[in-house]
Amino acid sequence: MADTATPAQAGSGETRRDFLYLAAVGMGAVGTACVAWPLINTMNPSAEVLALASTEVDLSPIEVGQRVTVTWRGNPVFIDHRTSDQIQQAEAVDVAELRDPQADDARVVNPEWLVVIGVCTHLGCVPLGQKAGQDRGEFGGWFCPCHGSHYDTSGRIRKGPAPLNLPVPPYEFTGDTSIVIG
Amino acid sequence: MSGFQTNSRVIKWIEHRMPVFSFVDHSLGSSYPAPKNLSYMWNFGSLAGITLVIMIVTGILLAMQYTAHVDLAFDSVERIMRDVNSGWLLRYIHMNGASFFFIVVYIHIFRGLYYGSYKAPRELLWMIGVVILLLMMATAFMGYVLPWGQMSFWGAKVITNLFSAVPIFGESIVTWLWGGFTVDNPTLNRFFALHYLLPFIIVAVVVLHIWALHQFGSNNPLGIDPKGPQDKIPFHPYYTVKDAFGLGVFLIAFAAVIFYIPNYMGHPDNYIPADPLSTPAHIVPEWYFLPFYAILRSIPDKLLGVVAMFGSIAVLFILPWLDRSPVKSGKFRPLFRIFFVLLMVDAVVLGIVGAKPPEGLWLVVGRIATAWYFLHFLIILPLLGVFERPKPLPASISEPVLKGGGSPMGAGATAKPMEKA
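Chains A and B are the protein sequences, given in the same order.
Going left to right, the first sequence walks through residues 1 to 182 as the working numbering numbers them.
Going left to right, the second sequence walks through residues 1001 to 1421 as the working numbering numbers them.
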């Protein structure tokens, strides 16, 4: 060990120690991060929660003008069998005027059927309008009682604090009158 | 002040190996000198500590009877109320204890605001206190979710959704917080785990709070430093007995609520089991969150509303640097006193607005009150420090009482405030 103390090597020895110090601390930091991630990730949705990710719905009993609520991944999904008036209303809106611009035909597969997630995009309340007699807001769609957001007959945000339209879940028609959500 | 002394050989034996008795004596015994003019407003610190202990004791006992599962939680709470021996008492103490904890802490905070307890050299003490307030809010919020009633569920949903306002990562953060796609069983489980953990973290931060307090000792109603031993009295027995008397009064009020109006501060909707498909017509948080909820709702933009709500706490963090007046106590600040009263009124108005639906006149009142809150801290306080002419300060804590007779005995002690004895 005596040779490490010679004056000629003192300068390079210090740089070497600095490098070893940085490398050791850097390695420790990377290692800690590698272990931290799986620990943090345990709090993300687990496999059995993800497995519940699709719901099949039979649309045949739903009459024109009727709205039903089904559950998908624990959240309510609104299915609206729209009347021709409601479809016209939704299509007549000038898209450029909307807060979250989206044409009605981009939000439906078949215009008669509107399928949206029934969770207000403001802070997550379930908007009113699914049951007869409930307040449907100023645009004939849905009205969120928590903080006063109004949605139109296409589920688009028209008034109030919510920033986005009611989201359309991924779904497809498996027959003329049945869909699979998710 | 004399140091710790004893005749007991057992205590001497322990003290020699681990000086725990002199530590306690120095912390809240006869060796801890406190300003002799502390009023009853200085009771609320120790009251808050005692309330924390009450909450932890009742909470641990409740946890032995509670089941953190969406199908069982509501019924397990009802079982505590009906079947567990004195379970109703345990739950009513814990439930109302949360409200009383906030009452005590809010008084403690407003006392600090009025007497300038946040000013140098106590800035860090104040900031640690704000951390305790934040931890208390998180703990109270998660505790309210556990009974799994309608308000529990929808309160949890609305508050966790605040994080969805974060740009880009918002959705992922909320999914991570929930452990699913909505508030559900994983959420309830983790909230229970955290609700059990956080009080002990609060205890740890309270230790830091007291540590920082003991560096310079308590502020006092005059806001001037003690000039010597003649301005101080030992904490024990003088303030231990004063705190004990205050505790008695506090417990009378606490017991009156527990035994006569235990549900007065609660919300009846929380006795309806949680239903993820139906939001109650009118969601209201517990009363101690109402002012912050009012600030959130008074801003029409989602992200800015959340920023303003957290900002209302953040201004407290930087308060020691916003109020530049060298005078601590509001007693000697004629203009500050007026604005202090206005701030208290403003906080109450925000609380009332928070309980009302955000429509019509309430929305306008809420916006004005929110604007005033930030105006007070960000504009008025800094300007007061420059333009206000404070009244002359007394020469010492003893002087106003003894009419000048309280000057220090030793001439050398006049220049400097006394160090810790």
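Among these hints, one or two may not hold up.
Chain B is nowhere near these chain A residues, computed Cβ spacing over 12 Å in every case [claimed, not checked]:
{"no.": "1", "residue": "Val57"}
{"no.": "2", "residue": "Ala92"}
{"no.": "3", "residue": "Val108"}
{"no.": "4", "residue": "Pro111"}
{"no.": "5", "residue": "Lys131"}
Listed next, the in silico DSSO-like pairs over lysine-lysine satisfying Cα-Cα at most 30 Å (straight line) [what the hints assert, rightly or not]:
{"no.": "6", "chain 1": "B", "residue 1": "Lys1391", "chain 2": "B", "residue 2": "Lys1331"}
{"no.": "7", "chain 1": "B", "residue 1": "Lys1331", "chain 2": "B", "residue 2": "Lys1242"}
{"no.": "8", "chain 1": "B", "residue 1": "Lys1036", "chain 2": "B", "residue 2": "Lys1356"}
{"no.": "9", "chain 1": "B", "residue 1": "Lys1242", "chain 2": "A", "residue 2": "Lys159"}
{"no.": "10", "chain 1": "B", "residue 1": "Lys1012", "chain 2": "B", "residue 2": "Lys1331"}
{"no.": "11", "chain 1": "B", "residue 1": "Lys1036", "chain 2": "A", "residue 2": "Lys131"}
No lab work stands behind these hints, which were simulated from the structure alone.
The beta-carbon is built from N, C-alpha and C at its ideal position, and this holds for glycine as well.
* **Unmet hints by their number, sorted upward, for this structure** => 5, 8, 9, 10, 11
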